[in-house]
Amino acid sequence: MGKNGNRPMILTEDLWKTYEMGSEKIHALHGVSFEIRQNEYVAIMGPSGSGKSTLMNVIGCLDTPSQGKYYINDRLVSELSDDELAYIRNKEIGFVFQTFNLLSRATALHNVELPLIYNGTPSVERLERAKASLVKVDLGDRMGHKPNELSGGQRQRVAIARALVNNPSIILADEPTGNLDTATGVEIMNLFERLWEQGNTIVLVTHEHDIAAHANRIIHLRDGRIERDEIVRQVEAQKPQPQTTEAAT
Amino acid sequence: MDFLEAVHISLDSLKANKLRSILTLIGIIIGVMTVIAVVSIINGLNTYVSTKIFNLGADVFILSKSPAVILNIDDWEEAQKRKDLREEDYQAVKEGCQHCQLVGAAVSAVGRVKYEQQSLTNVTISGWSAAMPQILDIDVVSGRELTPLDEEHKSHTCVIGNDLVENLFPGLDPIGREVRVDDLPYLVVGVAKKLGSTLGQSRDNFVMIPVTTFLKEYGSRRSIRIFAKAYGQAALEQAQDDVRLIMRARRHVPYAKKDDFAIETNQTFLAIWANISRAFFLVTIAIASISLIVGGVVIMNIMLVSVTERTREIGVRKAIGARRHDILLQFLIESSTLSLVGGLCGILIGVVIAKLVSLFTPLPAVIQAWSIAMGLLVSTSIGLFFGIYPATRAAKLDPIAALRFEL
Numbered sequence: 001m002g003k004n005g006n007r008p009m010i011l012t013e014d015l016w017k018t019y020e021m022g023s024e025k026i027h028a029l030h031g032v033s034f035e036i037r038q039n040e041y042v043a044i045m046g047p048s049g050s051g052k053s054t055l056m057n058v059i060g061c062l063d064t065p066s067q068g069k070y071y072i073n074d075r076l077v078s079e080l081s082d083d084e085l086a087y088i089r090n091k092e093i094g095f096v097f098q099t100f101n102l103l104s105r106a107t108a109l110h111n112v113e114l115p116l117i118y119n120g121t122p123s124v125e126r127l128e129r130a131k132a133s134l135v136k137v138d139l140g141d142r143m144g145h146k147p148n149e150l151s152g153g154q155r156q157r158v159a160i161a162r163a164l165v166n167n168p169s170i171i172l173a174d175e176p177t178g179n180l181d182t183a184t185g186v187e188i189m190n191l192f193e194r195l196w197e198q199g200n201t202i203v204l205v206t207h208e209h210d211i212a213a214h215a216n217r218i219i220h221l222r223d224g225r226i227e228r229d230e231i232v233r234q235v236e237a238q239k240p241q242p243q244t245t246e247a248a249t
Numbered sequence: 001m002d003f004l005e006a007v008h009i010s011l012d013s014l015k016a017n018k019l020r021s022i023l024t025l026i027g028i029i030i031g032v033m034t035v036i037a038v039v040s041i042i043n044g045l046n047t048y049v050s051t052k053i054f055n056l057g058a059d060v061f062i063l064s065k066s067p068a069v070i071l072n073i074d075d076w077e078e079a080q081k082r083k084d085l086r087e088e089d090y091q092a093v094k095e096g097c098q099h100c101q102l103v104g105a106a107v108s109a110v111g112r113v114k115y116e117q118q119s120l121t122n123v124t125i126s127g128w129s130a131a132m133p134q135i136l137d138i139d140v141v142s143g144r145e146l147t148p149l150d151e152e153h154k155s156h157t158c159v160i161g162n163d164l165v166e167n168l169f170p171g172l173d174p175i176g177r178e179v180r181v182d183d184l185p186y187l188v189v190g191v192a193k194k195l196g197s198t199l200g201q202s203r204d205n206f207v208m209i210p211v212t213t214f215l216k217e218y219g220s221r222r223s224i225r226i227f228a229k230a231y232g233q234a235a236l237e238q239a240q241d242d243v244r245l246i247m248r249a250r251r252h253v254p255y256a257k258k259d260d261f262a263i264e265t266n267q268t269f270l271a272i273w274a275n276i277s278r279a280f281f282l283v284t285i286a287i288a289s290i291s292l293i294v295g296g297v298v299i300m301n302i303m304l305v306s307v308t309e310r311t312r313e314i315g316v317r318k319a320i321g322a323r324r325h326d327i328l329l330q331f332l333i334e335s336s337t338l339s340l341v342g343g344l345c346g347i348l349i350g351v352v353i354a355k356l357v358s359l360f361t362p363l364p365a366v367i368q369a370w371s372i373a374m375g376l377l378v379s380t381s382i383g384l385f386f387g388i389y390p391a392t393r394a395a396k397l398d399p400i401a402a403l404r405f406e407l
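Going line by line, the protein sequences match chains A and B. Residue numbers for the first sequence follow my numbering, beginning at 1 and rising by one. Residue numbers for the second sequence follow my numbering, beginning at 1 and rising by one.
Fair warning: there could be bad hints in the mix.
[Unchecked claim] Beta-carbon label-pair distances, calculated as ranges:
{"no.": "1", "chain 1": "A", "residue 1": "Asp74", "chain 2": "B", "residue 2": "Ala401", "range": "23 to 33 Å"}
{"no.": "2", "chain 1": "A", "residue 1": "Val232", "chain 2": "B", "residue 2": "His325", "range": "42 to 52 Å"}
{"no.": "3", "chain 1": "B", "residue 1": "Ala401", "chain 2": "A", "residue 2": "Arg228", "range": "27 to 37 Å"}
{"no.": "4", "chain 1": "B", "residue 1": "Arg404", "chain 2": "A", "residue 2": "Ser23", "range": "43 to 53 Å"}
{"no.": "5", "chain 1": "A", "residue 1": "Leu80", "chain 2": "B", "residue 2": "Val294", "range": "36 to 46 Å"}
[As the list claims (entries may be wrong)] With a straight-line Cα cutoff of 30 Å, these simulated DSSO-like cross-link-like pairs (lysine-lysine) come out:
{"no.": "6", "chain 1": "A", "residue 1": "Lys131", "chain 2": "B", "residue 2": "Lys65"}
{"no.": "7", "chain 1": "B", "residue 1": "Lys65", "chain 2": "B", "residue 2": "Lys52"}
{"no.": "8", "chain 1": "A", "residue 1": "Lys91", "chain 2": "B", "residue 2": "Lys396"}
[As the list claims (entries may be wrong)] Per the computed footprint, the stretches of chain B lying under chain A, defined by three or more beta-carbons under 8 Å from a beta-carbon of chain A, are:
{"no.": "9", "region": "9-18"}
{"no.": "10", "region": "305-317"}
The hints are simulated quantities; they were obtained by calculation from the structure and are not laboratory data. Here the structure is a predicted model, which is why all the values come from computation and not from measurement. Where is the CB? At the ideal position from N, CA and C, for every residue including glycine.
Generate the whole structure from the sequences, applying the supplied hints.
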């Protein structure tokens, strides 16, 4: 990955998101600009109503800003059509949700395969990559299980494997531990740590300080503006280029 | 989107909601089942009717007082007023019809036949002229046929059907024995070939006597039927024209008036039957169509429920890269797979019904390949058509709203 080490992976310029409620205009995003480079581990924090969900939707290409520009790997994505956005989501974004959002009738393996189905990966390669992805999250022995046969932590790991399977530019996690007990939450955060060490770029949306503390950088949002953007953990230069991601590309 | 994947998903959701699926599909099942069963049975009936009921030879026609099938009351009243056909008419036709190879006369009644202590009622007593067995292809298997000489002498001789042999003469050779037909003695001279039964009615329950004897014993004030066999099928039209001309001349029917007698061929009977069976077929198709449309609406309803239930799933699929048409296709394949399964069940039940009918009734059921193909095609199209709206709704869902959706 990382086609351009010096250019930011994610670049936003003056993002606005405005909703009209009757005659009133509500600004969920109020001119947000930031950049995220490859292999950063960023937490976006803020109380509810701070605009962090809206920002996450925009970063995740589920939504487009009302104003401003958003680039992923130098590609302007803020003005794309629905289907083009779907393509970007498939290629560049790996979603991890609070509620896992797995298909309940499908096996873990099939759930992980799903993104590959939508980009037309041939079935043999699809199977290989889905398996590799599950092995990466230590679920190599649970591939044939359905979500209801797995624990919460395991389900979230399946979701993470699904997010990883297309080698996305960023992994976008929305309160990934919100539905887990503390011990399992720690386990999942350790997994993110490991993925980060392997060279992945992670964006975490949370309102919990303990969770945000795992990141290297925290962007605090309030009322649709960036209140503070702080480096909490100094990382000595860049981590060595990961073998795992290279192998999978 | 993988086609098989979508098929798989829909079969999965079918399995997950078995009762719901059956209830959903009942309209389609009944519709397709009706079509398959009715088409098979009508086809069987057609074959049956043409081989067993209207089985006159292709070169044979019948002259009679009124048509065999009358479909309205005016025709019936008109037919009642017609003159009877007499022996003289038979003689005139026999002499005058140039294109006729054979001409026979027939008249029948129902009566009782007795041999010693055994007796049979409801036996068809047929007064036949000597040419009749040949016109109708009824062979005598033992003894001899009735001859013109029997006819001339109004002799009390008879040829009997197989039922009479079995019931009156168990273990005996009936030839040369005397039976009593309606209390008059007749000498059995021959036994006819076994004909089997039609619609559960035996066709072997008859006794054949010379037509002249019949008219003498049963009274001549009844209309006879005149059977004629043309010189081959090519001459059938001309032979009918001959007969028509003779009859109109004899009765002085004016030029502009219609015949006051009926000439019918096997084709006439088959055409009447074809009309009846077509009407029956159309009514069934109409009823089945209603059932199929209702079935389609039910499928549309259940697909709408399914889209709502799976809003989050749709959100997830969109989040990980499904485009609109991926979702659209998924739900269309689902709805058509659903109704295809209904169609398959319908075909299966329809075939079973047709088989049961042919097993427990004398009607054969001929399962038509085209009706099965049509059942599959129609059921799939219904699923496709009624799936469009729910699938479009699913495809249009906003991914953010869909992901946040709570049931």
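Outcome of the hint check:
{"no.": "1", "hint": "A:Asp74 with B:Ala401: 23 to 33 Å", "in the structure": "30 Å, holds"}
{"no.": "2", "hint": "A:Val232 with B:His325: 42 to 52 Å", "in the structure": "44 Å, holds"}
{"no.": "3", "hint": "B:Ala401 with A:Arg228: 27 to 37 Å", "in the structure": "31 Å, holds"}
{"no.": "4", "hint": "B:Arg404 with A:Ser23: 43 to 53 Å", "in the structure": "25 Å, violated"}
{"no.": "5", "hint": "A:Leu80 with B:Val294: 36 to 46 Å", "in the structure": "43 Å, holds"}
{"no.": "6", "hint": "A:Lys131 with B:Lys65", "in the structure": "87 Å, violated"}
{"no.": "7", "hint": "B:Lys65 with B:Lys52", "in the structure": "24 Å, holds"}
{"no.": "8", "hint": "A:Lys91 with B:Lys396", "in the structure": "21 Å, holds"}
{"no.": "9", "hint": "9-18", "in the structure": "holds (count 4)"}
{"no.": "10", "hint": "305-317", "in the structure": "holds (count 5)"}
In this structure, the hints that do not hold are numbers 4, 6, in rising order.
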